[in-house]
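2 protein chains.
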Amino acid sequence: MLGPVNISVAIPDSFLSDEQTLRDKTLKISQIARASSIFRVKTIYLYQDGGIHAAKADRRLIKLILGYLDTPQYLRKGLFPQMPELRYAGILPPIRAPHHKEWQDIKSVREGEVRVGVVVQVKDKLYVDIGLGPLIRFEGVAAAGTKVNVKLKSSFPNLRAEKINQQDIKSSYWGFEVNDAKSLHTLLDQMSDMEIIITLREGESLKNFEPSLSQKLRVKRKILVVFGSPKRGVDEILTSEGFDVHSYPFVTNMFPFQGTQTVRLEEAFLGTLAIINYYLNS
Amino acid sequence: MLGPVNISVAIPDSFLSDEQTLRDKTLKISQIARASSIFRVKTIYLYQDGGIHAAKADRRLIKLILGYLDTPQYLRKGLFPQMPELRYAGILPPIRAPHHKEWQDIKSVREGEVRVGVVVQVKDKLYVDIGLGPLIRFEGVAAAGTKVNVKLKSSFPNLRAEKINQQDIKSSYWGFEVNDAKSLHTLLDQMSDMEIIITLREGESLKNFEPSLSQKLRVKRKILVVFGSPKRGVDEILTSEGFDVHSYPFVTNMFPFQGTQTVRLEEAFLGTLAIINYYLNS
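Line by line, the protein sequences are chains A and B.
Going by my numbering, the first residue of the first sequence is number 1, and it counts up by one from there.
Going by my numbering, the first residue of the second sequence is number 1, and it counts up by one from there.
Here chain A stands alone, though its shape is the one from the complex:
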């Protein structure tokens, strides 16, 4: 056993290019969100695929729906006003990750509990809505309308809450963040604190890399898993940016002997994360 390793992923902003309708796009984004939650992904990096020039609308849609699905249901109404882009996202089944806490009686909330909330300003005072009815006094600095992770500092009826960082929540999975990257190589350059695993049909089996990867992960404890687009593999994308995929040590094919000509991004995403989770935790 390696012990805990943080997993982040990189996907191209062109990954909706083979979908036509809002419904199909929503579904594909939701499959990415669900697989990310199942395998406790920390950050989803959305890198610009220079070859496809994804519509700005798609890029916006991806970030909107990923953020929406990662938000506990009790905060969605407050944080996401009615928008046509969310028409199909609202009817998706909930992800049910640990930070998507269920409703409980506010009287039973205990000191030390952590919940996701949204900051609300009433006159000159700040409160936080944690989805349990009454607003709770917020101690700290934050703009009204921001999503925050809070820890309760006292119990009912004198509830007070303070902001904590995602890093302070170590005992359970607390959702993912979505970050932008201008290009794939810019992202990879910045990620020198992570071991980079590139997925590519022409890659080698992960098995061949297990000894050297495990050795590196014992020190770094962070993985970034990189996916290509429906139209171009990671090798082509890097080449078009003037870089060479073979300068990275771990270029892997996760689906040896695949029975179909193509594996769709959402399938490769879930299958790859399942294999990496299996490798890391056994």
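What the hints contain is simulated information worked out from the structure, not anything from laboratory work.
Take these hints with a grain of salt, some might be off.
Under the rule of at most 30 Å between Cα atoms (straight-line distance), these lysine-lysine pairs were calculated in the DSBU-like manner [claimed, not checked]:
#1 A:K163 / A:K42
#2 A:K63 / B:K25
#3 A:K147 / A:K77
#4 B:K207 / A:K25
#5 B:K151 / A:K25
#6 A:K216 / B:K207
#7 A:K222 / B:K222
#8 B:K63 / A:K25
#9 A:K222 / A:K63
#10 B:K220 / A:K207
#11 A:K207 / B:K63
#12 A:K101 / B:K25
#13 A:K170 / B:K101
#14 A:K77 / A:K107
#15 A:K207 / B:K216
#16 A:K123 / A:K153
#17 A:K207 / B:K153
#18 A:K101 / A:K182
#19 A:K77 / B:K25
#20 A:K207 / B:K222
#21 B:K182 / B:K101
#22 B:K231 / A:K101
#23 B:K151 / B:K182
#24 A:K207 / B:K42
#25 B:K182 / B:K25
#26 A:K42 / B:K63
#27 A:K25 / B:K182
#28 A:K25 / B:K222
Derived, one-sided and incomplete: chain B residues facing chain A with beta-carbon distance under 10 Å [said to hold, decoys possible]:
#29 S8
#30 D18
#31 A35
#32 S37
#33 V41
#34 Y74
#35 P81
#36 E85
#37 R96
#38 Y173
#39 P211
#40 S214
Since the structure is predicted, the reported quantities are computational estimates derived from the model, not experimental observations.
Backbone N, C-alpha and C fix where the C-beta goes; we use that ideal spot for every residue, glycine too.
Please build the complex by placing chain B on the supplied structure of chain A, with the hints as guidance.
Just chain B now, kept in the frame of chain A:
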């Protein structure tokens, strides 16, 4: 490397019970079909889940759409008349497995080539439609309207075709069959020539079983992977049939430390097959 191992799967006929609309049901069946094709599943056993009593219509729908998706596109019109149940199946992306061959000029078809066809009777003679225009003389016995795998015995313009078995096609993946089972334990009793891998959240890591499983697979070379329903795990299903899941040696949890409360069947299906494929082929 273990060398080739045949993979079959068992899924409950209740697996659509958490879907309401024909569109969502179609999509879920299609995800099972696609994952089965990617990981070269030979047979999908659809076992009756006595706890849910799946609607007969659902059972029929599953078999219809799985069969439809496994059929090469050029034969679909002939084998599947227009039916309301196929409304959404027709617009799904093709699976593109090796037996879903693309169109080619009939003059370029060579002796020895294998294609999927459908038997057609014209007067008292049998022909086969292999999707390339003219019918080809069929040598053998088969009912008109049957789907058959044929090998071409000569070349253009004197094309003749003979029926071959799926077992004769060893060099490439040739799609899956769908079979019924009255209950899970009846199926497992019949499958003594296969190593049975049961998926269960409370199971152990597959890693723990790898040495003993590999030893057995070197002899048997066949795996049956068993999935539970959206409502009940394989343990509950077997218990309700009067049997004990722990009488089977390989009860595995494929998603250690999962970040969500639930993993949906179609996700567990793809993720599990990805891990087993990785284990078998590296």
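Numbers of the earlier hints that this structure fails to satisfy, in rising order: Violated hints: 4, 5, 7, 11, 13, 17, 18, 21, 23, 26, 27, 28, 29, 34, 35, 36, 39, 40; rest satisfied.
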